[in-house]
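S.K.: For the record, the sequence lines run as chains A and B.
Under the numbering used here, read the first sequence as residues 1348 to 1623, first letter to last.
Under the numbering used here, read the second sequence as residues 43 to 340, first letter to last.
Calculated from the structure, these hints are not laboratory results.
From the three backbone atoms N, C-alpha and C, an ideal C-beta is built for every residue, glycine too.
Be aware that a few hints might be false.
Partner residues are not named here, just some residues of chain A that face chain B (Cβ under 10 Å, in silico) [to be verified]: (1) Y1368; (2) G1412; (3) I1416; (4) T1420; (5) L1428; (6) M1429; (7) V1436; (8) L1450; (9) T1486; (10) P1572; (11) G1573; (12) Y1584; (13) V1606.
So the derived label-pair ranges between C-beta atoms look like this [unchecked claim]: (14) B/Y129 - A/F1475: 38 to 46 Å; (15) A/R1392 - B/S110: 20 to 28 Å; (16) B/S281 - A/W1531: 40 to 48 Å; (17) B/L164 - A/V1612: 13 to 21 Å; (18) A/R1544 - B/V148: 29 to 37 Å; (19) A/V1612 - B/A103: 37 to 45 Å; (20) A/Q1532 - B/G77: 12 to 20 Å; (21) B/G69 - A/Q1532: 15 to 23 Å; (22) A/L1408 - B/L83: 49 to 57 Å; (23) B/P201 - A/V1411: 39 to 47 Å; (24) A/L1408 - B/E232: 52 to 60 Å.
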Amino acid sequence: MLPSLVLLLVFLAGPIGYCVYYAFTDMQLTGAVGTHFVGFRNFTRAFGDSDFLNAVELTLLFVVGSAVIGQNTVGLALAVLMEKASKPVRSITSGVVIAAWVLPEVVAGYLMYAFFYQRGSLNAILHFLHLPQQDWLYTLPILAVCLANVWRGTAFSMLVFSAALGDVPQELVEAAEMDGAGPWQRLWRVTLPLIRRSILTNLMLITLQTLSVFGLIYTMTQGGPGRKSETLPIFMYQEAFNDSLIGYGTAVALVLLVVGALFSVVYIRLLNVEED
Amino acid sequence: MAVTESPRLERPRPLPSASRPGWSRRGRARAARTGVNTLLLLFSVLYLVPLAWMLLASVNAHADFTLSVPHPTTENFRHALNYDTTYRPMLNGLLLCGGGTLLCVVCAILAAYPLSRFRSRLRRPFLYTILFSTGLPITAVMIPVYSMFVQVDLIDSMPAATLFLAASALPFGIWLMKNFMDGVPVVLEEAARIDGANTMQVLWRIVLPLMWPGVTVVTIFTFISMWGNFFVPFILLLSPEKLPASVSVFTFLSAHGETQYGQLSAFSILYSLPVVMLYLLLARRLGRGFALGGALKG
Chain A
1348 MLPSLVLLLV
1358 FLAGPIGYCV
1368 YYAFTDMQLT
1378 GAVGTHFVGF
1388 RNFTRAFGDS
1398 DFLNAVELTL
1408 LFVVGSAVIG
1418 QNTVGLALAV
1428 LMEKASKPVR
1438 SITSGVVIAA
1448 WVLPEVVAGY
1458 LMYAFFYQRG
1468 SLNAILHFLH
1478 LPQQDWLYTL
1488 PILAVCLANV
1498 WRGTAFSMLV
1508 FSAALGDVPQ
1518 ELVEAAEMDG
1528 AGPWQRLWRV
1538 TLPLIRRSIL
1548 TNLMLITLQT
1558 LSVFGLIYTM
1568 TQGGPGRKSE
1578 TLPIFMYQEA
1588 FNDSLIGYGT
1598 AVALVLLVVG
1608 ALFSVVYIRL
1618 LNVEED
Chain B
43 MAVTESPRLE
53 RPRPLPSASR
63 PGWSRRGRAR
73 AARTGVNTLL
83 LLFSVLYLVP
93 LAWMLLASVN
103 AHADFTLSVP
113 HPTTENFRHA
123 LNYDTTYRPM
133 LNGLLLCGGG
143 TLLCVVCAIL
153 AAYPLSRFRS
163 RLRRPFLYTI
173 LFSTGLPITA
183 VMIPVYSMFV
193 QVDLIDSMPA
203 ATLFLAASAL
213 PFGIWLMKNF
223 MDGVPVVLEE
233 AARIDGANTM
243 QVLWRIVLPL
253 MWPGVTVVTI
263 FTFISMWGNF
273 FVPFILLLSP
283 EKLPASVSVF
293 TFLSAHGETQ
303 YGQLSAFSIL
313 YSLPVVMLYL
323 LLARRLGRGF
333 ALGGALKG
């Protein structure tokens, strides 16, 4: 017990406490001698900073688009469809989806960079289908990183939902079928209500994961072009290291941490409900 | 559980499907299955394209963004397989992640045992804190960690980075480990205690041998997540000769003005290989959905 406590206190609780302290100072990388307590100035500055607000907006887009809508829905759809598919198809699909998940973050970023690149595979496919092409990483970088995150992260939701669907008692589904419910009605009125809790916990977990994605976006676009794909983690990194404003960067980190903490609390409440 | 809240089925329904004209029930089921299969295969192809591109580019001497290999070659791999490009980053990764994993697993075992076995008033709050910290975005903590490490002169130190990696993986490790430990029956322990074994002896001789599968899962899982971690070594380590593969991929991308996509793909494959193999081991051993049981069940 003791070693864990020491590790956790020194390396997790410590930095978090530090984070709270630094967020209220004007610490800079250059000449850290003149670090002063500045109260809430970092926060008022952040909320008046159009680049910060831009990052907040992009983070929201990224989390809602790639986690809540993308990974969650695609994962559910895959899990539902795979129940009905034949065995070889099921293994192929889960194989490729999980492969994308297992690859290290940076490799996934590199592959997605190549996929969305102007002369990359996506445009080749679109050309083949006679659809309009785009320079994705330049015109729609946030969409590109969202789709990349869906590509990489869907396996998690798929596994959660497959496990949940496996627990749904078949008698109930069959009873609904006997009563004449079509496939959609069975899904909406029987299956989904039964796995409601899995859906909620999954949503919490993927939201938390997506909130802190850094490597994927950094390898694909570095937040650019301009600031068009600069989510909060990237913004925080740029402020702290490229602009040497550690205090300001930490204030942003604290905002991120608080948002994460709120989601974490909701997640625990959900688990708690399940226990009772 | 939720089964009791069965949906309302008593509403009037249309007549059973058998009375509808046209396809038989079985014929429709078959058609539906074909449709589902086609849809999933199309989806898989879309998923496969980037992976296939990497595999093809790695054996293509003049790789660009198209999916083609005129003459397969091992040139890219030969270029990538040298000390500076591949062996050293992999070795660094092994030191960082191996050390971090070992530390994390040992600490997790020691912390999980009292949490799983002894009731105390601190147990619940502690468990909630652990669960709470598994949810915190570690990315956000990196900047204060950086400033902290600068002040105590630990930047660019591999042992310090290892310690931090271990600490950041610890909450989830403890949580998983505790759930596995709960599955070990207490009866055997009591017998050992009557024979005069102390707590440590019980833990190492009785409990652990019974939960090797669980320990393996936590170990492999921790290692995989550390191996893929980019941000932590990216922030905490500076010298090129200390960087693990996750960061050196990146220097590869930006350092050479003209990126050699073939060599980069070859390197990416080499770098991904250990975790893919570990994952296969894990999946074969425990079936699908292995680690999620621990993450999602209270």
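S.K.: With reference to the structure, classify each hint as holding or not holding.
M.R.: Hints, verified against the model:
1. Hint status for A/Y1368 relative to chain B: holds, with the closest Cβ pair at about 8 Å, below 10 Å.
2. Among the interface hints, the one on A/G1412 is violated; its C-beta lies about 18 Å from the nearest C-beta in chain B, farther than the 10 Å criterion.
3. Hint status for A/I1416: violated, given a least beta-carbon distance of 17 Å to chain B, over 10 Å.
4. The interface hint given for A/T1420 is violated, since its Cβ lies 13 Å from the closest Cβ of chain B, which is over the 10 Å cut-off.
5. Proximity of A/L1428 to chain B holds as hinted, the smallest CB-CB distance being about 5 Å (cut-off 10 Å).
6. At a threshold of 10 Å, the smallest CB-CB gap from A/M1429 to chain B is about 7 Å, leaving the interface hint in force.
7. Satisfaction of the interface hint for A/V1436 is found here, the shortest Cβ-Cβ separation to chain B being roughly 5 Å, below the 10 Å cut-off.
8. A distance limit of 10 Å between C-beta atoms decides the matter here; for A/L1450 the minimum to chain B is near 5 Å, and the interface restraint holds.
9. For A/T1486, the interface hint is violated, the least distance from its beta-carbon to any beta-carbon of chain B being 17 Å, above 10 Å.
10. For A/P1572, the shortest C-beta to C-beta distance to chain B is roughly 16 Å, which exceeds 10 Å, and the interface hint is violated.
11. A cut of 10 Å between beta carbons decides the hint on A/G1573: the least distance to chain B is about 19 Å, and the hint is violated.
12. Interface hint at A/Y1584: satisfied, since its Cβ lies 8 Å from the closest Cβ of chain B, which is below the 10 Å cut-off.
13. Here the hint on A/V1606 is kept, as its CB sits about 8 Å from the closest CB of chain B, short of 10 Å.
14. The hinted window of 38 to 46 Å between B/Y129 and A/F1475 holds, with their beta carbons roughly 40 Å apart.
15. Range check, A/R1392 to B/S110: about 52 Å between beta-carbon atoms, so the 20 to 28 Å window is missed.
16. Between B/S281 and A/W1531 the beta carbon distance is about 59 Å. The supplied range of 40 to 48 Å is therefore violated.
17. In this structure the supplied range 13 to 21 Å holds for B/L164 paired with A/V1612, their Cβ-Cβ distance being about 20 Å.
18. A/R1544 and B/V148 have their C-beta atoms about 34 Å apart, which keeps the hinted 29 to 37 Å range intact.
19. The hinted window of 37 to 45 Å between A/V1612 and B/A103 is violated, with their beta carbons roughly 54 Å apart.
20. Between A/Q1532 and B/G77 the beta carbon distance is about 18 Å. The supplied range of 12 to 20 Å therefore holds.
21. Checked against the hint of 15 to 23 Å, the C-beta distance between B/G69 and A/Q1532 comes to roughly 21 Å, which is consistent with it.
22. One distance hint, 49 to 57 Å for the beta-carbon pair A/L1408 and B/L83, is violated here, with the actual separation near 31 Å.
23. In this structure the hint that B/P201 and A/V1411 lie 39 to 47 Å apart at CB holds, the actual value being about 40 Å.
24. Evaluation of the 52 to 60 Å hint for A/L1408 and B/E232 yields a pass: the beta carbon distance comes to about 56 Å.
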